[in-house]
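Residues per chain, in single letters:
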Amino acid sequence: MNIATAATTSGPRMGARKPLVSLRSISKVFSNGTVALKDLSLDVGQGEFLSLLGPSGCGKSTALRIIAGLGEATSGTVEWPSASFDASGKPEREIGFVFQEPTLMPWATVFANVWLPLRLAHVSRAAARARVMDALAMVGLDKFADAYPRELSGGMKMRVSIARALITRPKLLLMDEPFAALDEITRFKLNDDLLNLWEKFGWTVVFVTHSVFESVYLSERVVVMAARPGRVFCELPIDTPYPRTEAFRTSTPYNELCRRTSDALHGAMDAAAVAP
Amino acid sequence: MTDTQDSVEELPPPALAASRADRIAQIVVPVVMLALVILVWHLYVTLNHVPHYVLPGPLLVAKALYNDWPILFRALRVTLEITLSALALALLGGVAIAIVMAQSRLAELALYPYAVILQVTPIIPVAPLIIIYAPTTYAALLIIAFLVAFFPVLSNTMQGLKSTDHNLLNLFELYGASPLQTLLHLKIPNALPYFLVGLRIAGGLALIAAVVAEFVAGSAGANSGLAFRLLESQFRLNIPRLYAALLLLSATGVIIFFVTSLISYLLLRRWPESAVRRES
Numbered sequence: 001m002n003i004a005t006a007a008t009t010s011g012p013r014m015g016a017r018k019p020l021v022s023l024r025s026i027s028k029v030f031s032n033g034t035v036a037l038k039d040l041s042l043d044v045g046q047g048e049f050l051s052l053l054g055p056s057g058c059g060k061s062t063a064l065r066i067i068a069g070l071g072e073a074t075s076g077t078v079e080w081p082s083a084s085f086d087a088s089g090k091p092e093r094e095i096g097f098v099f100q101e102p103t104l105m106p107w108a109t110v111f112a113n114v115w116l117p118l119r120l121a122h123v124s125r126a127a128a129r130a131r132v133m134d135a136l137a138m139v140g141l142d143k144f145a146d147a148y149p150r151e152l153s154g155g156m157k158m159r160v161s162i163a164r165a166l167i168t169r170p171k172l173l174l175m176d177e178p179f180a181a182l183d184e185i186t187r188f189k190l191n192d193d194l195l196n197l198w199e200k201f202g203w204t205v206v207f208v209t210h211s212v213f214e215s216v217y218l219s220e221r222v223v224v225m226a227a228r229p230g231r232v233f234c235e236l237p238i239d240t241p242y243p244r245t246e247a248f249r250t251s252t253p254y255n256e257l258c259r260r261t262s263d264a265l266h267g268a269m270d271a272a273a274v275a276p
Numbered sequence: 001m002t003d004t005q006d007s008v009e010e011l012p013p014p015a016l017a018a019s020r021a022d023r024i025a026q027i028v029v030p031v032v033m034l035a036l037v038i039l040v041w042h043l044y045v046t047l048n049h050v051p052h053y054v055l056p057g058p059l060l061v062a063k064a065l066y067n068d069w070p071i072l073f074r075a076l077r078v079t080l081e082i083t084l085s086a087l088a089l090a091l092l093g094g095v096a097i098a099i100v101m102a103q104s105r106l107a108e109l110a111l112y113p114y115a116v117i118l119q120v121t122p123i124i125p126v127a128p129l130i131i132i133y134a135p136t137t138y139a140a141l142l143i144i145a146f147l148v149a150f151f152p153v154l155s156n157t158m159q160g161l162k163s164t165d166h167n168l169l170n171l172f173e174l175y176g177a178s179p180l181q182t183l184l185h186l187k188i189p190n191a192l193p194y195f196l197v198g199l200r201i202a203g204g205l206a207l208i209a210a211v212v213a214e215f216v217a218g219s220a221g222a223n224s225g226l227a228f229r230l231l232e233s234q235f236r237l238n239i240p241r242l243y244a245a246l247l248l249l250s251a252t253g254v255i256i257f258f259v260t261s262l263i264s265y266l267l268l269r270r271w272p273e274s275a276v277r278r279e280s
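Protein chains in written order, with our numbering: chain W, 1 to 276; chain B, 1 to 280.
Only true hints are included.
Here are some of the chain W residues that sit facing chain B, going by a computed Cβ distance under 7 Å: (1) Leu70; (2) Phe97; (3) Pro106.
Beyond 10 Å from chain B on every Cβ pair, some chain W residues (computed): (4) Lys18; (5) Val29; (6) Leu42; (7) Pro81; (8) Ala128; (9) Arg129; (10) Met133; (11) Arg228; (12) Thr252; (13) Ala272.
Since the hints were made in silico from the structure, they are not lab data. The C-beta atom is built at its ideal place from N, Cα and C for all residues, glycine as well.
Go ahead and model the full structure; you've got the sequences and the hints to work with.
Structure, rendered in structure tokens:
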């Protein structure tokens with residue numbers, strides 16, 4: 001695809017959006033005294049594809065876990081402006097989470113693994129069947145419903161993990177370095193598939209990665225984080241319109257964006273080195 | 001999950017052929033070996049004219065097994081009954097207490113040290129006490145065999161319950177799973193390979209403990225097991241019957257091992273290699 005012509009098809013995504021979730025001055029101190037996050041504020045817009053990019057130890061995974069409600073912030077608040085509230089007064093977050101590892105139950109079939117979130121919500125196997133098969137079809141694995149994880153390749157396992165995250169039709173998809181352990185060919189393929197699904201269904205994605213190239217290729221906005229203490233170092237808008245394809249990955253603007261993002265990342269790492 | 005690209009159907013044909021040849025060898029070699037040992041035994045006894053009260057030949061042992069079958073079989077049933085009841089109780093108790101300890105830190109702190117003490121205290125010096133306190137000898141034998149078989153089930157199951165993948169635990173938390181759902185759908189399936197190791201160890205130990213307990217109790221009469229028949233044969237210098245009883249005992253042990261291994265195999269067929277290998 002030609003980038004110049006694609007630029008004219010800039011859609012409504014690019015405008016300012018209402019935040020789906022806002023982190024306000026989040027700090028997180030672990031029990032051993034490590035300051036994982038300090039005064040982190042971040043708005044995630046509805047329908048946005050946002051990447052958190054940073055060196056290891058910058059607290060990007062911690063931030064993701066706090067958004068997911070896995071572990072409380074030491075101080076600060078997580079706001080869900082438009083969420084409805086459940087019986088216990090907690091916001092219904094409607095989150096899907098994809099871990100770095102596929103995190104599948106080895107004793108269960110692909111079908112049972114994807115069914116799990118619904119099963120925990122007391123949806124029977126029969127009632128869930130259509131939705132599970134839909135989710136598997138989305139990631140191209142509908143023929144593997146009866147296979148066990150051990151029979152799948154690494155990329156296929158990750159697809160199952162994504163299908164499981166999508167089964168509850170979440171508004172927000174949180175991905176913690178999901179493709180880091182995959183080979184480059186598989187990773188590129190999954191990047192493309194993820195973008196296609198995102199464009200089709202329009203959920204919000206927060207994608208944690210330590211790959212400059214992956215963050216630029218996927219996101220509308222890259223938030224570069226610095227370590228010790230974990231904080232937002234800078235933000236870079238990636239306003240190349242979607243759909244992004246192989247042509248974008250090899251284009252000069254992509255290279256330029258990667259270079260700028262890489263510079264920002266190095267800046268963040270230098271800042272961490274001199275931080276008190 | 002380091003094995004990113006492996007797939008079962010990618011096993012090349014030569015490897016399959018080799019594994020089939022190996023499987024045949026696994027059966028043929030031990031059988032041939034057994035036949036050789038029996039032959040050497042027979043030749044040694046007949047050529048050297050060894051008296052049958054020192055070492056009976058294989059034919060004499062077979063004859064004793066055949067002629068004394070009613071006595072030996074009744075004894076075998078008693079021993080088997082004690083072994084299997086003790087094993088069943090150990091499985092129930094071990095799994096139940098492991099679940100309680102895995103679900104409650106307080107219960108773990110309160111119970112685990114005593115479970116360890118129970119395990120490390122040699123059972124033989126305790127056995128006379130148990131025999132005094134138990135209402136019947138049969139109950140005493142059952143208690144002793146249970147105590148020995150209980151700990152491997154408990155410790156293995158507990159390790160399995162507690163070694164659940166943290167990310168999977170996070171996932172269950174994220175979807176608001178109740179503690180019961182986490183236990184049923186995550187911790188218990190995860191503990192299965194560990195439990196099966198415990199089962200295999202406990203199966204063998206229950207038989208050994210049943211025999212040892214009977215040695216200590218020395219119970220005579222119609223309700224006596226194989227261990228008593230062993231001692232009795234020794235007193236009467238009925239060595240062929242002693243060998244026959246011994247043969248029955250080790251056959252029982254082999255069958256218990258085979259059955260528990262088969263159960264493991266059937267239940268773990270679908271597991272990844274890494275989990276299955278952990279238990280061997």
